[in-house]
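The chain contents come next:
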Amino acid sequence: MSFVSVRDIFQSYGPRPILERVSLDVEEGEFVSIVGASGCGKSTFLRLLLAQERPTRGTISIAGAPPAQEPDRDRGVVFQRYSVFPHMTVRGNLIAAEEFGGAGVIPRFFGARRREAAARADEVLGRVGLAHVADQYPAALSGGMQQRLAIAQALAGRPRVLLLDEPFGALDPGTRLSMHVFLQELRAETGMTVFMVSHDLEEAFKLGDRVLVFDKPRWDPIEPEAYGATITYDFDARNGGVPFQAAAAAARALHEPQREDDHVPAS
Amino acid sequence: MRWINRRPGRLAAVALAALPFVLALIAYAVASDLRRAENPADKLLPAPARILETAVNLATVPDRRSGDILLWLDTAASLTRLAEGAAISAGLGLGFGLLIGLLPGVRAGAAPFVSVISLIPPLAILPILFIVFGLGELSKVALIVIGIAPVLIRDIAQRTAEIPEEMLVKAQTLGASTWTILTRVALPQVLPRLIGALRLALGPAWLFLIAAEAIASTEGLGYRIFLVRRYFAMDVIIPYVVWITLLAFLMDLGLRSLHRRAFPWSGPAT
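From first to last, the protein sequence lines are chains A and B. No gaps in the numbering here: position 9 of the first sequence is 9 in the numbering used here, and each next residue is one more. No gaps in the numbering here: position 139 of the second sequence is 139 in the numbering used here, and each next residue is one more.
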């Protein structure tokens, strides 16, 4: 069984179907980009992965666990907005990520435990380039810094999968590019399984190993809302979205084993 | 230049702010002069000097019968009632508001009830309070609580419900329990709102306090005003009203400064 297993999901709000017959298998460590037109159910799909909603039919399981009933620590999430706690300092946000999980009656660390958590938080802040604003409140940070904090906070909870809902949608193009580098580095470090909903096709192909396209396979011109959406394309986006090269190289190597110098390594 | 773009300078702004006060004082002085020119014993609009004299007496000279300085006695009594009523209401507002706003089960059970309770005109049940709680302090504090707690509960519940869903989901993905979300996410975010709501509720709180004191009391700012009303003692009533206004203003100022100091993350208080 695959790491993330989506089996025959249907989701409808009242009589209105949003998703129909969605099935998906994702291996551990894959980066899955999800694209599609507005209102095609990609955010709904992410909410289902997050267990913020339960599907009308079908199951989603992560690492073989039974389908979740509510959001839990297996799922880390970063939204476009409101992903950090505005009433905590930058450092406090990271410490909270630990406090929330290990909470007793008083969901707060004191003394040595807090100092250790603060030290770990500072180390993470140094890595994500936020050490200089550790004592400030998120409102004082730029959008890019807030999202970096949000990602670092989500990862501090050590989730099994990371879910990103248009995480860079509100950022300017330059900041967005530097966030791509940031995310790619983090991924190379952690080998995290990631689902990212995006409006930006270029971003989706650049970051993703796979790009899923959500669309409605059936369309009723009289009643556009009669049918739900499903995964209509599942692109292999590795090697710059040109998997054919790797396949061709492998095939050539197979057919011409005598010419070793011509060998193009499949990555 | 258009009028919407003409901004007064700093000095002009201060002068403009002072102008209505000065005009009101002048209007009073003139009206008082006119009346006293007709009838030197006029009680309705006593001379400003007379008002000042009475005010100083109220604040410094002990009462002949009881030996208490009336202004301070009344102020202490009223402020105690007001503070008790406001504190209890704030506690109720925060506790119930958070639970109603955060827990759908509690919201389903309690929100309609609170809505209906908040529609009861508090003064209409004042007789009931006097009958149930007697004529002592309890009934006066209870009137303030009944008057402002439902509003505070509804406001805090509304603010709690407005906390972005994303933030609650994020907290859950970090492993937070309902209790953790209540204490670490919802509570700190609605505390500034509580101060804002309390600032708005202090107006009605004064109203209920003075009403309760007017009807059954032996001391208090409202009691004194309604007592001397019988003698047309405007020279007492006016300083008391000014004093109450000043107290209300200082409370509002204090709460606003508390908001600024305690919650630097939440932006400026309005």
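Errors might be hidden in some of the hints.
A short, non-exhaustive set of chain A residues, derived as facing chain B with CB atoms under 8 Å [what the hints assert, rightly or not]: (1) LEU50; (2) GLU53; (3) ALA68; (4) VAL77; (5) PHE79; (6) TYR82.
In short, the hints are calculated from the structure, not lab data. Using N, Cα and C, we set each Cβ at its ideal position, and we do this for glycine too.
- [ ] Compare the structure with the hints numbered earlier in the document and write down the numbers of the violated ones, lowest to highest.
- [x] When the structure is compared with the hints, numbers 2, 3 turn out to be violated.
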